[in-house]
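Let the hints inform the model, and build the full structure from the sequences given.
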Amino acid sequence: MTRGLWTRETVALLTLAALLPLAVFWLWLGGVEALFRLALILLVIAIWHLIFMLARAQPPSLSALVTALAIAMLAPEGLGTFQLILGISFGVVMGELVFGGWGRNVVNPATVALAFLGFGFPAAPWPVFDVPLAWAAIPAGVLGLALGVMPGALMAAAVVLGAAASLAGMVDDAVLHAAGIALVLLVVDPVTSAATTLGRWLQGAGYGGLVILFATGWGGAAPAQMAVAAALLASLAAPLFDDIALSFWVYRRRRRHGRT
Amino acid sequence: MTFLRSRAGLIPDFPSPVEGAEVGEVVTEEAGLVPPASQPLQVTLLVREGDLVARGAAVACLRHTPDLCLVAPIAGRVARIALLPGRRLSEIVLFRDDDGGAERHPTGAAASVGSLRRLMQTAGVWPLIRRRPFGGMPHASEAPAAIFVMGADTRPQAIDPQEALDGREEAFARGLSALGLLTDGPVFAVWPEAGRGIERPTAGTDLRVIPCGPRHPQGSAGIRIHQAFPAGLDTPVWDIHAEDVADLGDLLDTGELPATRLVRIAGAGLREGARLRTHPGADLRQLTQRIALPGPHVLMSGSHLDGRAAHWLGPRDRQVTVLPRQAPEPRPHWLIAALTASAGAKPAIPTSALSQSLGAALPAAPFIRALGAGDDEAAMSLGVLSLLEDDIALADFALGAGGEIKDQLRAILDRIETEYAP
Numbered sequence: 001m002t003r004g005l006w007t008r009e010t011v012a013l014l015t016l017a018a019l020l021p022l023a024v025f026w027l028w029l030g031g032v033e034a035l036f037r038l039a040l041i042l043l044v045i046a047i048w049h050l051i052f053m054l055a056r057a058q059p060p061s062l063s064a065l066v067t068a069l070a071i072a073m074l075a076p077e078g079l080g081t082f083q084l085i086l087g088i089s090f091g092v093v094m095g096e097l098v099f100g101g102w103g104r105n106v107v108n109p110a111t112v113a114l115a116f117l118g119f120g121f122p123a124a125p126w127p128v129f130d131v132p133l134a135w136a137a138i139p140a141g142v143l144g145l146a147l148g149v150m151p152g153a154l155m156a157a158a159v160v161l162g163a164a165a166s167l168a169g170m171v172d173d174a175v176l177h178a179a180g181i182a183l184v185l186l187v188v189d190p191v192t193s194a195a196t197t198l199g200r201w202l203q204g205a206g207y208g209g210l211v212i213l214f215a216t217g218w219g220g221a222a223p224a225q226m227a228v229a230a231a232l233l234a235s236l237a238a239p240l241f242d243d244i245a246l247s248f249w250v251y252r253r254r255r256r257h258g259r260t
Numbered sequence: 001m002t003f004l005r006s007r008a009g010l011i012p013d014f015p016s017p018v019e020g021a022e023v024g025e026v027v028t029e030e031a032g033l034v035p036p037a038s039q040p041l042q043v044t045l046l047v048r049e050g051d052l053v054a055r056g057a058a059v060a061c062l063r064h065t066p067d068l069c070l071v072a073p074i075a076g077r078v079a080r081i082a083l084l085p086g087r088r089l090s091e092i093v094l095f096r097d098d099d100g101g102a103e104r105h106p107t108g109a110a111a112s113v114g115s116l117r118r119l120m121q122t123a124g125v126w127p128l129i130r131r132r133p134f135g136g137m138p139h140a141s142e143a144p145a146a147i148f149v150m151g152a153d154t155r156p157q158a159i160d161p162q163e164a165l166d167g168r169e170e171a172f173a174r175g176l177s178a179l180g181l182l183t184d185g186p187v188f189a190v191w192p193e194a195g196r197g198i199e200r201p202t203a204g205t206d207l208r209v210i211p212c213g214p215r216h217p218q219g220s221a222g223i224r225i226h227q228a229f230p231a232g233l234d235t236p237v238w239d240i241h242a243e244d245v246a247d248l249g250d251l252l253d254t255g256e257l258p259a260t261r262l263v264r265i266a267g268a269g270l271r272e273g274a275r276l277r278t279h280p281g282a283d284l285r286q287l288t289q290r291i292a293l294p295g296p297h298v299l300m301s302g303s304h305l306d307g308r309a310a311h312w313l314g315p316r317d318r319q320v321t322v323l324p325r326q327a328p329e330p331r332p333h334w335l336i337a338a339l340t341a342s343a344g345a346k347p348a349i350p351t352s353a354l355s356q357s358l359g360a361a362l363p364a365a366p367f368i369r370a371l372g373a374g375d376d377e378a379a380m381s382l383g384v385l386s387l388l389e390d391d392i393a394l395a396d397f398a399l400g401a402g403g404e405i406k407d408q409l410r411a412i413l414d415r416i417e418t419e420y421a422p
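Quick mapping for you: the protein sequence lines, in order, are chains A and B. Each residue of the first sequence is one higher than the one before, counting from 1 in this note's numbering. Each residue of the second sequence is one higher than the one before, counting from 1 in this note's numbering.
It is worth saying that the hints were derived from the structure and are not from the lab. Glycine included, every Cβ here is placed at the ideal spot set by N, Cα and C. Take every hint as true, because none was put in to throw you off.
A few chain B residues that face chain A, going by a derived Cβ cut-off under 10 Å, partial list only:
1. 228
2. 353
3. 354
4. 357
5. 396
6. 399
7. 401
8. 402
Below you can see the structure in the form of structure tokens.
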């Protein structure tokens, strides 16, 4: 029996390949310190994957690399090792592994970990992204789109809304950069984003709308914090968007054919 | 939107050697009569082992519907009859003997619906029709809400139905008109965009042409039924291959069902590919023995995607796939097996590949998730009643599921049939 390639691990590898431009730029700009941070996060995630493999027979996934990169890039800076380990453990275990591993989770583990770190240690400063790094999110998104592992409708809705808000002067460049990076790292995760076309448009618009709302109404928040909070809320609303889209799809078919 | 739809789907590439230009006709020395896939048939035998039967003569009829007959694909002697418990048909093997001749049926049956149905059921046309929901051939008294004629086939290395219709336009139009009598609803013809024009049947048939692009699963009957006229529990929809429609036209004209169909033999286990005319139930070993590569190989009736390892060409199949037999995978270390094998069904990740493997016709990820979860109601609302294993074979292949998704679909269909069907 011949088999196709689009297994869970292929998608994880392709997502990683799409994010490589971003990862390379970030490591280049961050140097050895960034590399150590990434290695530490990867080690913590790998240990949890190993524990769940031994305890629950859940095969580990290469998506751990994507999660590690997202946490390493977006996590607040100046956190102690213990704090970082606590946050990562919470995100990876409660956001992914207890649901049965990558592919069955309902929220992105990196988003959960980042939200936990942000709310748990509010004094830690959020990272600020340089312009070249923000630009590297564009090839990452294009690659993900071309490889078919990132939802195009979601990205299009968020980009259109972001561009319109930027032209209208509602968000400044720093927020736009952070939102762009969070978009490719967290929001367009194929598993936890909406799975229907209409749902993806709604989620993209929801993410963009929340970023604009936070940028205009959340005084004192860092751009990365706004992006992570918007990603978390949009991700939590994804099943609702999907449900709306499916109900609409079924309604249209009932009207047209009298049955589904 | 039409442009986008015509580009929906994938073109899976499977290696196969170049085929010769010659199209020979082969009647194999042995032939097997087997029931349609996924439909156990309780039969009453009309012949005994050693009897000489004509081609097209009834050899068995359905136990609870005696009008519905299974006919001999070749003239020959009945060599072996294999039944499963409950008088379910396993196979009837015939040895070729041309002295048996061919069965002729009275012409002029198209005058009334009743006589047309009777002719189709006794002459062996009925098993060539597949019904949805649930698959298999239709019940003898069933009236379809619509009929789909498949004039395009997008499965990898499938034979082009248009080639099979070459020079048979009149017979096809006659068959199409006859099909129109069987239903009060429309007759849909799924036709290649780049193909020849379709021969219109006589007035009275509500014929609607659906253009079909080259990508799979655009030429898959279930996907087309799902898009154009979804099947329901009380609205069965039939589909039939265009060449079989032309055969029906010839049966109505001459009283004799054409014996052979155009078949392609392809696959990586061959020295050279072949196109030939042969009959249903043909012996696959004889068809491939001169062109198969040395060494062990698997013979499948059907395409790479939906084929089944078989001895005989399936009743509706027009493709034979020959693959080299892979050595069984070495068993993993017991600890690795214990840690990874109990994880159950692997999750499907929503990607463009998944969406395109279902022709972008339905919300792919929710549908695959509903199948995996065994959620009958969600699957029904997403259109599972129009689909069969063949239609989701590409998704199963693309996700590397190894037949798991097809099994899940069959389990859901069987459950729905038990719990909901009238």
